[in-house]
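*Asks:* Using the sequences plus the hints, can you model the full thing?
Note that the numbering used here has the sequence shown beginning at 107, numbered continuously upward.
In silico EDC-like cross-links for lysine to aspartate or glutamate, where the CA-CA straight-line distance does not exceed 16 Å:
# : residue 1 : residue 2
1 : K377      : E446
2 : K478      : E411
3 : K478      : D490
4 : K478      : E410
It should be emphasised that the hints constitute simulated quantities derived from the structure, not laboratory data.
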Amino acid sequence: MHIDVSSLLFVMTLNMLVMAAALPYFMGRVNQTAHRAQAGILMQTAGWVLLLLSSQFPPQSLMDRLLSTLSMACIAGGMALNAAAFDLWCGRAATARAPAVIAALLTVGYGVGFSSYAFRVGWSNGLLTLQMATVVYALCRAPQVTVGRWRWLLVISLLAQMVVTAWRGVLGAFYTADFPNFFAPHLVNLVFALVANVTVVLSLAAILLAHRDEAARELQRLATVDGLTGALNRRAWLERATADLAIGARYQNPVGVLMLDLDYFKLINDKRGHDAGDRALRVFAQALQAVSRTGDMVGRYGGEEFCVLLNHADAAAVLAYDLRLRRWLAANAMPQLGFELSYSAGFAMRAAGADTIEAMLSRADVALYRAKALGRGCTLDAQDVQPELAGLA
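*Replies:* The structure is reproduced here in structure tokens:
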């Protein structure tokens, strides 16, 4: 059976066109990460269209040179955009500097050295191989978030493309007579076209799976995080605090629970408006996160009430946390809000023997309301209001 290289490349380009058109439809409304992936696929598709169009003009003509150079810019630039998207989907910053630098070098060198067929084929294929290698390396690094198997689909696809691309580069640069043009009926062109058709499908599947993973993570985040302040919501905080308390009890580590209530919050809403109240809640949550140590856990308990679980913290450490928080607010609330913020708080330490988060919260809550009764703006230890707790029992 005869397989025509040009037909395979045409089919591959057609598949990429369909892929570029289908991705926005199937992904729906997306964030910047998915937009980069879509733009990357679109650029690579444009690159292949331009490369096929360049073959319709006389070799070494101005149009051949222009379209071929633009095609290399699109193919390499699209790969750089995809690399940035892959980094983001793996939970890393979207740097991807190496693929972007390689794309720029490839385009400039290709345009300058276009008159030498051996140079431009060796240069372009060599740098494309190197660019794909940098993406493979990034994908093989441990991701910062939980991801599925989509990255291994991409690794397999890119490794296959690297082999045939490097093969083409070596033949074009050093065995030019055996590899006169891109559509020559050479084994490497045939293998390249077949691999390209397969990897287009694999890449589409990988990108859709990566987008699905991100959507699942976002749903999980929305289910556990308070939408206004970014702190854990009540349910998520209670679940995680219960688990941390169990670990603390098992290893006999001190654990403290701090409950905080913004002072005169209703007055802020009534006098300054609910927008000011929302901003106050966000700044307060920011303050809690800013002074927290690794392992401390901040949650919005409800309304203007927040709670913090402090692991490996005795009463002195809880009071030190409280002091850091009050100093942070004194330095930052006025510049950010235009008015001061204060709070009342109560805290409880893990009791010896069986203790629960609910019991600790109850003790801290009594201490909190005692602090409010004493004039607000202070923090009390539940241990200091034990007589009142006994009276409530």
